[in-house]
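Engineer: The chain contents come next:
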Amino acid sequence: VIPIKPENLEAWLDPQPGRLADMMAILEAPIDAYFEHELVERDAA
Amino acid sequence: MCGRYSLFGPATASRDAKEWMDRYGFDIISQINQRDDQFNIAPTQKALIVGQGPDGADARMYRWGLIPTWAKDTKIGAKMINARAETVAEKPAFRSAFKKRRCLVPASGYFEWSWSSVRSPSRICSWPAYGATSRRPTTSPPSIASRRSPATRRPRFWPQATIGA
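As given, the protein sequences belong to chains A and B, one line each in that order. Take the numbering used here: the last position of the first sequence gets the number 118, and nothing is skipped along the way. Take the numbering used here: the last position of the second sequence gets the number 1585, and nothing is skipped along the way.
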């Protein structure tokens, strides 16, 4: 799963078939996500 | 690869999520009748999807699993639940939908399989790891949709598949 940034939501919903590079750029700049177990392990350390 | 995700209901949604729903004019109680948290949304189930309608963003329930327009059997949708970002623009099943038809999958978090030998030193074990962007988030995994009108009398729907890294 790639959580996309709020500022890119409208661009994602309005695809421009001729500008695939822009669409790929959205996928390559996601929101930072974390895993719950990583937080637990970090808190325990 | 994501095989399950969660979507919190209005009572536990984050402030960001509520702002996001207000921005697009969504009311998930009246539109999809979701009042409680959903922790285990699975492939082939119907789930909330945001697409682009004629009057702007449009929220509807779609079934998770993309059925390419050329598919003869809708059962293929149970297998086409994820696309990889690296290949989504090239794979025959996904490339047309990726170029022309997009939607968003509102989600509070998602599960990915994780493998480690730490918890069971004698063997490699796996467990579902829960990922999110904040403690009470709603993220928007991108998704692509296939416009399909089956020859049968079933109502038209827009199957969807998520894109993962």
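These aren't lab readings, by the way, just hints derived from the structure by calculation. Backbone N, C-alpha and C fix where the C-beta goes; we use that ideal spot for every residue, glycine too. A couple of the hints might just be wrong.
Stated by the list, open to error - For lysine to any residue, the following SDA-like pairs were computed, each having C-alpha atoms within a straight-line distance of at most 25 Å:
hint	chain 1	residue 1	chain 2	residue 2
1	B	K1519	A	P79
2	B	K1438	B	P1474
3	B	K1511	A	E109
4	B	K1520	A	D95
5	B	K1520	A	E109
6	B	K1511	A	D87
7	B	K1511	A	A98
8	A	K78	B	W1440
9	B	K1519	B	W1533
10	A	K78	B	R1504
11	B	K1492	B	D1478
12	A	K78	B	R1443
13	B	K1438	A	E109
14	A	K78	B	K1492
To be verified - If you want a taste of the chain A side facing chain B, the calculated C-beta under 7 Å gives, among others:
hint	residue
15	V74
16	P88
17	L100
18	L112
Engineer: Give a verdict on every hint.
Structural biologist: Here's how the hints hold up against the structure:
Restraint check: the Cα-Cα separation between K1519 of chain B and P79 of chain A comes to about 20 Å, which is no more than 25 Å; the hinted pair holds. At roughly 24 Å between alpha-carbon atoms, K1438 of chain B and P1474 of chain B fall within 25 Å of each other, so this suggested pair holds. For the hint linking K1511 of chain B to E109 of chain A, the alpha-carbon distance of about 32 Å lies beyond 25 Å, and the restraint is violated. Among the hinted pairs, K1520 of chain B with D95 of chain A is consistent with the structure: their alpha-carbon atoms are about 14 Å apart, no more than 25 Å.
Pair hint K1520 of chain B plus E109 of chain A does not hold up; C-alpha atoms about 35 Å apart against a cutoff of 25 Å. Taken as a hint, the K1511 of chain B and D87 of chain A pair is honoured in the structure, with Cα atoms around 21 Å apart against an allowance of 25 Å. A threshold of 25 Å between alpha carbons decides the hint, and for K1511 of chain B with A98 of chain A the separation of about 18 Å falls inside it, so the pair holds. The straight-line distance between the Cα atoms of K78 of chain A and W1440 of chain B is roughly 12 Å, inside the 25 Å bound, and the hint therefore holds.
Distance hint between K1519 of chain B and W1533 of chain B is unfulfilled; the C-alpha atoms sit about 29 Å from each other, more than 25 Å. At roughly 18 Å between alpha-carbon atoms, K78 of chain A and R1504 of chain B fall within 25 Å of each other, so this suggested pair holds. Between K1492 of chain B and D1478 of chain B, the direct Cα distance comes to roughly 28 Å. Violation of the 25 Å bound is thereby established for this hinted pair. Only pairs whose Cα atoms come within 25 Å are accepted, and K78 of chain A paired with R1443 of chain B is accepted, the gap being roughly 15 Å.
At roughly 22 Å between alpha-carbon atoms, K1438 of chain B and E109 of chain A fall within 25 Å of each other, so this suggested pair holds. The straight-line distance between the Cα atoms of K78 of chain A and K1492 of chain B is roughly 36 Å, outside the 25 Å bound, and the hint therefore fails. The beta carbon of V74 of chain A is positioned within 7 Å of a beta carbon in chain B (closest approach about 4 Å), and the interface hint is therefore held. The beta carbon of P88 of chain A is positioned within 7 Å of a beta carbon in chain B (closest approach about 5 Å), and the interface hint is therefore held.
Interface restraint check: L100 of chain A against chain B, minimum CB-CB distance 5 Å, threshold 7 Å, status holds. Below 7 Å, beta-carbon pairs count as interface contacts, and L112 of chain A has none with chain B, the closest being about 9 Å; its hint is therefore violated.
Against the hints set out earlier in the document, violations occur for numbers 3, 5, 9, 11, 14 and 18.
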